[in-house]
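Enquirer: Let the hints inform the model, and build the full structure from the sequences given.
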Amino acid sequence: MGIRPIDIAKKLGITTSALKHYEKWGIVPPAERAPNGYRVYTEEHAAYFECIRAMFPGFGVDVTKKVMVKLQEREVDEALWIVSEVQARLQQDKILAERTIRILDTEQLDIVVDARGRKKELTIGDVAAETGVPTSAIRHWEKEGILNLPRDQDNGYRKFDDAQIRQIMIIRILRSANYPLEVIKDVLQELEHHHVHNARRVLKDTLVYLNYRNHNQMRGVHYLYQLCRVLKLV
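Residue numbers (our numbering): 1 to 234.
Quick caveat, the hints were computed from the structure, so don't treat them as lab data.
Take the hints with a grain of salt, since some may be wrong.
Label pairs and their calculated CB-CB ranges [claimed, not checked]:
1) G156 to E182: 42 to 52 Å
2) K24 to E182: 34 to 44 Å
3) L233 to D161: 27 to 37 Å
4) G145 to H222: 39 to 49 Å
5) V69 to V196: 41 to 51 Å
6) G132 to V208: 36 to 46 Å
7) T106 to G132: 18 to 28 Å
8) V196 to D126: 19 to 29 Å
The calculated BS3-like cross-link candidates involving lysine-lysine, where the alpha carbons are at most 25 Å apart (straight line), are [stated by the list, open to error]:
9) K70 to K20
10) K185 to K204
11) K10 to K65
12) K185 to K232
13) K232 to K65
14) K232 to K11
15) K20 to K66
16) K11 to K24
17) K94 to K70
Note that beta-carbon positions come from the ideal geometry of N, C-alpha and C, so glycine has one too.
Expert: Spelled out as structure tokens, the structure:
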């Protein structure tokens, strides 16, 4: 016996229209129709819908869509690696957030020095490797006016010191927590005025948010595994 859309919708706390949208998006298998034209869902459909709703908070709509499509194509390994990549990025965000907080606590940053003990001039590529932020993002933030990077008068290259690297790390962390640009600018301005306490508080709030996302991701992975079992993929 099939499952009525209304029963699944009530269980998940959503509308039947949302179920139809997911079907139109192609992230659940098409449903058969009863003689009266209504959709008839199966236990497999119910597992898809439960997994989708469980994955949205931790992984977002785009990632969830990709994973659901891979499962319908029976490409379970590809689906699981997509999820693992997102989890790995979240862990890197947490590591960077904790490191940035430590830097704010000590107001020190380990900068590479040359053989004479002088600070080595870092290129944008060096900074990208140090912070894990792509060079394209650094250039974009400069263009948006979030970053104010001085230039070498002789060659026109960007110049990076402790302050700039700190700013880039903070921007990445706050962007990962979906802070608007206005808030990020305020935090950086406070740092310029040596108001480290407020910046540290915002970053600690970000850690709370990252923990929250981690919890949601774990819940999403649980439902993903349950769906794979229903589909007999594991």
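Enquirer: Does each hint hold? Answer for all of them.
Expert: Hint check:
no., hint, verdict
1, G156 to E182: 42 to 52 Å, "violated, 30 Å"
2, K24 to E182: 34 to 44 Å, "holds, 36 Å"
3, L233 to D161: 27 to 37 Å, "violated, 51 Å"
4, G145 to H222: 39 to 49 Å, "holds, 42 Å"
5, V69 to V196: 41 to 51 Å, "holds, 46 Å"
6, G132 to V208: 36 to 46 Å, "violated, 21 Å"
7, T106 to G132: 18 to 28 Å, "holds, 20 Å"
8, V196 to D126: 19 to 29 Å, "holds, 25 Å"
9, K70 to K20, "holds, 20 Å"
10, K185 to K204, "holds, 17 Å"
11, K10 to K65, "holds, 22 Å"
12, K185 to K232, "violated, 50 Å"
13, K232 to K65, "holds, 20 Å"
14, K232 to K11, "holds, 24 Å"
15, K20 to K66, "holds, 18 Å"
16, K11 to K24, "holds, 21 Å"
17, K94 to K70, "violated, 28 Å"
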